[in-house]
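Visitor: So the chains spell out like this:
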Amino acid sequence: MMSHEAFVFISYAATAAVLLGLLAFTLADGRARKRELAELEAQGIRRRSQAVQGGKS
Amino acid sequence: MFWTGSPPFLAVRSGDRMRATATKLKGRRGDSVLFDDISFSVGRGEALVVTGPNGAGKSTLLRMLAGLLAADSGSFTLQGDDGADLPVAEFAHYLGHRNAMKRELRVSENLSFWQRFQRPEDGQGLSVDAAIEAVGLSGVAHLPFGYLSAGQQRRIALARLLVARRPLWLLDEPTAALDSRSDRLFADLVHAHLAEGGLAIAATHQPLGLDRVIPLELTGIHRAATGAGEVW
Amino acid sequence: MFWTGSPPFLAVRSGDRMRATATKLKGRRGDSVLFDDISFSVGRGEALVVTGPNGAGKSTLLRMLAGLLAADSGSFTLQGDDGADLPVAEFAHYLGHRNAMKRELRVSENLSFWQRFQRPEDGQGLSVDAAIEAVGLSGVAHLPFGYLSAGQQRRIALARLLVARRPLWLLDEPTAALDSRSDRLFADLVHAHLAEGGLAIAATHQPLGLDRVIPLELTGIHRAATGAGEVW
Amino acid sequence: MTDTTVSQGWFTGLANPTRFLALSGKLLPWLAAASAITLVVGLYMSFAAPEDYQQGITVRIMFIHVPAAWLAMMCYSVMAVAALGTLVWRHPLADVAAKSALPIGAAFTFLSLLTGSLWGRPMWGTWWVWDARLTSVFVLFLMYLGLMALHKAMDDPARAARPAAVLTLVGFINIPIIKFSVDWWNTLHQPASVMRLDGPTIHPTLLYPLLVMAISFTLIFFTLHFMAMRNEILRRRVQAMRRQAAQSIGGGAIGGGAIGGGETR
Amino acid sequence: MMALLKRDLAIATRSGGAAMLGVLFFLAVVAVIPFGIGPDLNLLSRIGPAILWIGALLASLLGLDRLFQADREDGSLDMLVMQDWFGLVATVFVKCLAHWLATGLPLVLAAPLLGLLMNMSATSTGAVMLTLVAGTPAISFIGAVGAAIAVALPRGGLLVSILILPLAIPILIFGVSASYAAVTDPDPFLPPFMILSAIALFFAALGPVAAAAALKGASD
Amino acid sequence: MMALLKRDLAIATRSGGAAMLGVLFFLAVVAVIPFGIGPDLNLLSRIGPAILWIGALLASLLGLDRLFQADREDGSLDMLVMQDWFGLVATVFVKCLAHWLATGLPLVLAAPLLGLLMNMSATSTGAVMLTLVAGTPAISFIGAVGAAIAVALPRGGLLVSILILPLAIPILIFGVSASYAAVTDPDPFLPPFMILSAIALFFAALGPVAAAAALKGASD
Ligand code: HEM
Ligand SMILES: Nc1ncnc2c1ncn2[C@@H]1O[C@H](COP(=O)(O)OP(=O)(O)OP(=O)(O)O)[C@@H](O)[C@H]1O
Ligand SMILES: Nc1ncnc2c1ncn2[C@@H]1O[C@H](COP(=O)(O)OP(=O)(O)OP(=O)(O)O)[C@@H](O)[C@H]1O
Ligand SMILES: [Mg+2]
Ligand SMILES: [Mg+2]
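Chains as they are written, first to last, in this note's numbering: chain A, 1 to 57; chain B, 58 to 289; chain C, 290 to 521; chain D, 522 to 786; chain E, 787 to 1006; chain F, 1007 to 1226.
Hints should not be assumed to be uniformly reliable.
Which residues of chain C face chain F? A few of them, derived with a C-beta cut under 8 Å, are [what the hints assert, rightly or not]:
(1) F380
(2) K391
(3) L394
Pair by pair, the computed Cβ-Cβ distance ranges are [claimed, not checked]:
(4) D:K700 with E:L899: 39 to 49 Å
(5) C:R306 with F:M1008: 34 to 44 Å
(6) A:L27 with E:G824: 46 to 56 Å
(7) F:L1207 with A:R31: 28 to 38 Å
(8) F:M1008 with A:A32: 25 to 35 Å
(9) F:L1122 with D:K700: 56 to 66 Å
It is worth saying that the hints were derived from the structure and are not from the lab.
Each residue gets a CB set at the ideal place from its N, CA and C atoms; glycine is no exception.
Pulled out of the complex, with its shape left as it was, chain A reads as follows (with noise of 0.2 Å):
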């Protein structure tokens, strides 16, 4: 039987473990887009409105 402070511990570890693998994966593919984008761009694929509503973001 583990003690009440493990299941405390483990609630919180866990907490912090999906909360920053989320924020991770988040910024990660946020990463991953713009550099899809940023290679559409170099290959001079731009967005038709581009120049009316400027650039990327």
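Fit chains B, C, D, E and F with the ligands to the supplied structure of chain A, relying on the hints for placement.
Guide: Just chains B, C, D, E and F with the ligands now, with coordinates in the frame of chain A:
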């Protein structure tokens, strides 16, 4: 004339104004505009033939006319003889690339299903046997549809148009897989349909053997969608 | 010539004796004999074109040649250059009415699957991209096959013949749904195949645009099976 | 293809993806900072809180269990509103909002299940019971995952939007079931003590840390959601540009050129 | 519409043997449960209604994903969608009905046999049959929504089940509790049965409409 | 052959991550059970192995009938049949393998989690996993025969379910009884497990050959 039996309810009378009218239709697939600003008008006894290279958008156009795809803009209406709008879905037959028949059911079962499903209460049309006869396949009625050859299957799919009479025919490559005799037979069918006051719109790569048609050519040159289409 | 890269392993050399030979083939469907006593011989660089009305038995014949149906009697053999019998299944491509592609997979995935599945270890053939290019559809490689139009789908099905090189082509209505430009493109493909020592057997309703062909016409007149065929 | 047609109006103007990118870009740093600050304060308060006389130290699990459970339900509610947006206004940004909320909602639901289990073991003596509250949360988790699977199954986001929205709305009945399951069926799980019509019945020393943590989790949710929405917009932008590029290479498409059709008679 | 019903039934009985498959699966479920709880006839008869209901729910999932897919593949779906809104809703309704007749009804009819195997009393078996008659159509109707959503997916089977099962839970709950209420004394049978019927009616109204909407949207 | 495996897996995963779908499906099935038989943890843990096995059987049955039918409808089957005998047998084997990988394996891997939810002991969960590893491929292999026969008969797959499910039921029964034998004391685990493995091996050898023969004969 092979439409025996019931009087030709579609027969052209003076003053008949049934018309299928497209106004500035625009069709898009994904991000490219296949066609834009397509307008035409087809009246009783007239046939419109859509041509164009593979991928031009013929099937897309026909599916829009049938109401299976929403047009990007523009409209297509069918007006009755009294000038009122008719629902295309109930007054048009659509024959697509696929035959809409169940392989495991007999030819006669398939056709009589569509007859009962598509013929309005007071509607007319050939009997199943007469329709099979009309496409020159008497004798196959009892075979499962899957046993037929490709051309025979297509001819049975054409027979569906005969068992429930509807004024507007939308045909997507109706003569695919047909031999030359059946090509003529098909031309006769359409002629008879037009003669009785029907309307037809067909997409095709092959001459259909019809003599008086309104041509509509899609160039197959697509352009990228802009404006409203570019959301992202 | 679009077969770039590897040397044309099929190139006709004097003394090449690869031949596809049918002897007294008899085909039956149900209780009727579709054809009987069909014999022909096709050598390198030659094409046999089977014609006949719908339901004549063209597809049945081709499926027999491919080994997908058992012949009622008679035989079909493919002899290699050294006169030895080759297994048809491994040396022939069969293109049926249906395209043998998965709608949900991308065009390139479909083709590279067939490439790896049908190309023998040491075999040759175009790369997937080159094959797509050869049928004039570069740019669609990444699209799901189901997104293509009917004619584009058929052209991709033709591209399958190019990604794995096999000497004998069995084609069932190869040009169905093709536009006239693609018809010519197809004729060029077959020409190239023949020029490099290939053999082709095609069933069709439309002129294929090939100039030197061996014709074979099925009459479409079937007779009831008798004798050995009539068991009951 | 009316689903991508943007009609004009203040609402759609505000929800224009490009404008959203600009706005959320400005807002995000503030949101992130606020989440971080409230989280630190909340954590400090939860560990400073006295132990419960009944539950001992395990009461600290409450400070993450309860906010996670609330967020799991709130996230689904946000999705349901977005689904209405998809179905009624047909705005593509609504679909983006619904889709990108999915993994976050699934994560919070998972956390509430996990911390609940970890709490249940010492308190009830079992990891899991199939009572109404727990099971309905489990079903919520399944619905998140099912919707994710549905989005993944359709490669074209425009085609997944409406079916997913329909399903989201149909599944919304589960939310009141979760909320009131403890009242409708007698279960092991304890009934509401904070969000009650007659005011909270929980002791302030426990209530305040709980509320701060709840605020913090809510801010974290919005931070992550905005980030995910931005990613999703960029993903769709890349997809659109790719398709467009491919079409201009193959298929003979030329920009803005003459196209098929025209008057025929 | 009768024509559609007849056609779908003809196809169901001719190929696939959906009815048989459902009943056999049902039988398999009932056959393995005793292994778990041992030869305790008392317990068996107690959980019998629940097992029958679970079996029926799961068996209904078989073949559900093909409800519209087969029609889509041969092109018939175009003609079905090419109707006015009421026509389409009615079509979906009839297709659900055909699905139920081919898979649900056989289960209802097989219930007495299975009740025997589970050592259930006649009252109990009767109650289960009654609730199945009311409940299984609801599964078909709500299942149609999943089938319509997954119509374009190659292997929608699992996905459809996943999407549908959570929604089918209320049907199961009230079906089982009505069955139990019929045999345990203090509980009245009618209230849960009425709720079950209400759910069934609700799904019969909602399912076809939602499925029709999904089909209209899916057409391409 | 690797290409075929890859393609079939790709098609399976296109519809939303096959592995995840399998697990989800299983979770949904397991979640539904307590609604039926009630939240009695004791009872649940007792019927747990049976539930897991029923879920596995159901997951295998969903979509099994399409194993060759999809290939037939798009014409691919012709190319598969147009191989020498060994090629065809290998092809069938690989297709079964792909089917198992996409539907059976995820269930095996998810079993521990589900065991937890069903309050099953570690031994019990382990035994179920072991029997599932041995048994679920057998269902795919014998199911292939049914799928091949179904492809062959243009209008009468009725045979399929009648032939195949009775063959699959022994797998289910031995799988479940071996799982129980592992936890209930007097019964030895090995005998039923050996029988299960023997059945699996037999079906793995017989299934592809029989299915290949049916496919060869079916081609028309
Ligand atoms: C896996 C197991 C569990 C799940 C899924 C779960 C789920 C939930 C949910 C959804 C809520 C929010 C309810 C609302 O807003 O009305 C909640 C609140 C709460 N839960 Fe749990 N719970 C679990 C286990 C536990 C355990 C073991 C305990 C303590 C012994 C517990 C104590 C609480 C408390 C104190 C609240 C706050 C109620 C309030 O003040 O409104 N939960 N839980
Ligand atoms: N479901 C779809 N999703 C996305 N794009 C599609 C879809 N169907 C067709 N397209 C694309 O739209 C274009 C037009 O297709 P359509 O089928 O209308 O052509 P078509 O003129 O009928 O050609 P064909 O003569 O080959 O039948 C093609 O480039 C095709 O790739
Ligand atoms: N699977 C089958 N079972 C029984 N009979 C069949 C089967 N397939 C075809 N037939 C019959 O065999 C005859 C020949 O069919 P086949 O498909 O060979 O014709 P075809 O020459 O290819 O015609 P088409 O030009 O229409 O493709 C037809 O009369 C058809 O009804
Ligand atoms: Mg077309
Ligand atoms: Mg043919």
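Visitor: All the hints need checking, so say for each whether the structure fits it.
Guide: Hints, verified against the model:
1. With a cut of 8 Å, the hint placing C:F380 at the interface with chain F is violated, because the nearest CB-to-CB distance is about 11 Å.
2. For C:K391, the interface hint holds, since its Cβ comes within 8 Å of a Cβ in chain F; the closest pair sits about 6 Å apart.
3. With a cut of 8 Å, the hint placing C:L394 at the interface with chain F holds, because the nearest CB-to-CB distance is about 6 Å.
4. Roughly 42 Å separates the CB atoms of D:K700 and E:L899, a value that falls within the hinted 39 to 49 Å.
5. Distance hint check for C:R306 and F:M1008: the Cβ-Cβ separation is about 35 Å, which falls inside the suggested range of 34 to 44 Å.
6. In this structure, A:L27 and E:G824 meet the distance hint of 46 to 56 Å, their C-beta atoms being roughly 54 Å apart.
7. Taken as a hint, the range 28 to 38 Å is violated for the pair F:L1207 and A:R31, whose Cβ atoms sit roughly 50 Å apart.
8. Hint check: F:M1008 to A:A32, Cβ distance near 29 Å, so the stated range 25 to 35 Å holds.
9. Between F:L1122 and D:K700 the C-beta distance comes to about 26 Å, which lies outside the given range of 56 to 66 Å.
In summary, the numbered hints that this structure violates are 1, 7 and 9.
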